[in-house]
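Work out the full structure: start from the sequences and follow the hints.
There are 4 protein chains.
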Amino acid sequence: MTTALRVTVWNEFRHERSNPAVGRIYPEGVHETLAAPLREAGHQVRTATLDEPAHGLGGAVLDETDVLLWWGHQAHAEVADEIVLRIQARVLEGMGLIALHSAHFSKIFKRLMGTSCDLKWRVADERERLWVVAPGHPIVAGLPERIDLEREEMYGEHFDIPAPEELVLVSWFQGGEVFRSGCCFRRGAGRIFYVRPGHETYPTYHQPLIQKVIGNAVAWAAPVDAARPRRGRSESPEPIG
Amino acid sequence: MTTALRVTVWNEFRHERSNPAVGRIYPEGVHETLAAPLREAGHQVRTATLDEPAHGLGGAVLDETDVLLWWGHQAHAEVADEIVLRIQARVLEGMGLIALHSAHFSKIFKRLMGTSCDLKWRVADERERLWVVAPGHPIVAGLPERIDLEREEMYGEHFDIPAPEELVLVSWFQGGEVFRSGCCFRRGAGRIFYVRPGHETYPTYHQPLIQKVIGNAVAWAAPVDAARPRRGRSESPEPIG
Amino acid sequence: MTTALRVTVWNEFRHERSNPAVGRIYPEGVHETLAAPLREAGHQVRTATLDEPAHGLGGAVLDETDVLLWWGHQAHAEVADEIVLRIQARVLEGMGLIALHSAHFSKIFKRLMGTSCDLKWRVADERERLWVVAPGHPIVAGLPERIDLEREEMYGEHFDIPAPEELVLVSWFQGGEVFRSGCCFRRGAGRIFYVRPGHETYPTYHQPLIQKVIGNAVAWAAPVDAARPRRGRSESPEPIG
Amino acid sequence: MTTALRVTVWNEFRHERSNPAVGRIYPEGVHETLAAPLREAGHQVRTATLDEPAHGLGGAVLDETDVLLWWGHQAHAEVADEIVLRIQARVLEGMGLIALHSAHFSKIFKRLMGTSCDLKWRVADERERLWVVAPGHPIVAGLPERIDLEREEMYGEHFDIPAPEELVLVSWFQGGEVFRSGCCFRRGAGRIFYVRPGHETYPTYHQPLIQKVIGNAVAWAAPVDAARPRRGRSESPEPIG
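Line order of the protein sequences matches chains S, D, B and G. In terms of the numbering used here, the first sequence opens at residue 78 and continues consecutively. In terms of the numbering used here, the second sequence opens at residue 78 and continues consecutively. In terms of the numbering used here, the third sequence opens at residue 78 and continues consecutively. In terms of the numbering used here, the fourth sequence opens at residue 78 and continues consecutively.
Some clues are possibly wrong.
Just so you know, same-sequence chains aren't split out, so a pair can sit in one copy or run between any two.
In silico lysine to any residue, SDA-like type, Cα no more than 20 Å apart, as pairs [said to hold, decoys possible]: (1) K289 <-> E227; (2) K289 <-> L115; (3) K187 <-> R307; (4) K184 <-> A131; (5) K184 <-> R308; (6) K184 <-> R91; (7) K289 <-> A157; (8) K289 <-> R305; (9) K184 <-> D158; (10) K187 <-> R308; (11) K184 <-> A81; (12) K289 <-> D302; (13) K187 <-> G309; (14) K184 <-> V161; (15) K184 <-> Q284.
Please keep in mind that the hints were generated in silico from the structure rather than gathered at the bench. The model shown is predicted, which means the values in this text are computed figures rather than measured ones.
Pasting the structure below:
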């Protein structure tokens, strides 16, 4: 039923190799845990990581990507500006982008938002409850009205993003904060979804409901086969004068 | 590729029978011209008209409708309030609604908008050009950047609707006006698309590009299989006190 | 510095007279507690209540009102439809409307929204924290980043409203829910602000920060002196044909 | 009645000195023509131009600016990146920005939008009609429902910007195009207004109605005195565990 898409899952892939606690949760890396359910859904999935040449995004990879997932945290600054500009160009052409958790501070997300993307945070093993505030949105298809995560990092408002064009999920945290956790944006012909959970020291991406949100977001962010608008100096369709 | 949907095309069906000029353009009624390409696309389409019992929307018709198209003009007042309330309830539950042209003044559209839905108009055989302002939106998939209609009625701003959640098409008219012609709204779990062209004295719904817009809108407005939110008095998921 | 506005505070004024606990908190009625800081700010404030003739909104009252505040709860159904239609017409002309707490279920708010406006609720003496998600919005001028209320009724998502055009406040509740608590809408030439707190058994409207939000909302919702758009049949500014 | 604001009008100031036709229309430069009505309205206005040291924006100028107007065209690339970053930071803190006409391609506007900001254009001495699509918006206070400009450059859709948070004006062009001509955005605590007209070879900024739009936009974009949100690692207001 789902259209098969060409999906690229990008991961910084540092924590998993340097922190044994993270490595135990994501032994093949966050990217493989994210890729597995997307492969099962029938998508054509490849992965790419920071330390590969061109961060794994060289050659035709971006041109052949319908939807790009992005997880990064401690090494945002190491991502080459040239790659960031190519990703931005592809999004404006129609490629979907799913920015995951700490990708709020990635170069590509900040460039597409135009804001600082700063927020509050705390790692305190606290409960998070994600409430659906847009029932009927394709990204929450098949979900209950709330997703509970027993332990997650807290992200709190004010989250310095442009107002999302569609706000889908809002998080409650045990410590007293709220957060706009599922946010849709359109830039050029491309669609962007920011989804909050996924701190590396918790098994969040093994959670079936979180996998469901991400799978739905991939389908929602798929490029639409539309005429590319002509721009620049243009003849008038009507006679003038 | 398209999911088959249960579509109901509702038409006032008065002009076609009282005005021979309209009858020549739409001999089986506007509803049949609208229904034909949707049937070809594989949808399960039925039609309903004002003068049928319960306006053709009685029994289980609405419950078994995924997307409802609505064309009305001179007899808005004859639509029973009880049916209007049932349509509204179904939209809030997730049924899609495509409001066509003069349906801007229908009871159901005004009820869902909360505004007067008033506008400027003029019938002067003038050119309309509909420009895509949201390339990448599923409703403009496969379309060129502009649709030209040689002769249409003019509708002009200010169109008294709430700001559309997504503005997809803006019309230019030969006489000097502009109009927000393709407008997306969400109400409850349902999606609403207003699309401007379609005055009964012009063959607009025979135009393949207009049929394409409507077909895309039907797919976009399809209900999402989501949990119905629980409402009313609720126990707390967290202990209090 | 603030422009003096003609403000009408409408209150159902039933709980205060039938429930001694409420009467102790609001001895003159919720309307007088709401009116006092608006008078201090220099506005020209009158009050109106359900049991007055025409609910206190007859004659020229609505025509002479720049911003209307509305508090109702148990007697929504007793508000005359004719008055509701007149309020709606005035909002479309530019009058501001501040819908307070249980006014989410008032006839006028539901009519302007086009949705059920339903939600979750619970009275359990729990903490509410309202977080600012739109710093820089005039409605949060002079406020801290968060307002804490020691005891309030809970309202929880999904709140069945159209997506707010600007989302200003999001509430956290001790029991585990979140809520879109400060929501801006525009309908016609008028502005509407929904603000959540204010259950009658708690002294919420005596809280200076809540008074600040309401005072800011009144200023934000003031009518703008704009040309009324011409509608109906219109001559073309450009020659046709 | 208007609050006096500290306004800085920035202009590239090259066309006026190199093209005698432009110099005749704006003998003191576009900036002085823009500044004059703002001074008359009681604002504290200074001007700054590209060829001054630090483009006239060094020292405390930006810190002491409430609203910045920006006109640039042929020399966008000469604006120093460091200044662009400082302007962005000030907008996120709350400074208003009015981007005028060809400033759609300025570094600062593109950075705040995250998109290409590309469009169609044509210089053909054609008529433009700007229609108000948001009556009741403060930016159109005191305006008629339409502004006519006898001769202007054409800008046409698709204009590659994020969907404006409020769309206020839509242009009709004689040659057959439409354009979203008055667009509101919020970034961080700051407000941005893009306003289309103002090609240097036409006397557009001498037009009283265009001056009115710009004056209203300056008032609308004024910073709000709000608490700056705390960000980064945060203690929980509620006890955890």
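*asked:* Hint by hint, where does the structure go against what was stated? Just the numbers, ascending.
replied: 7, 11, 15
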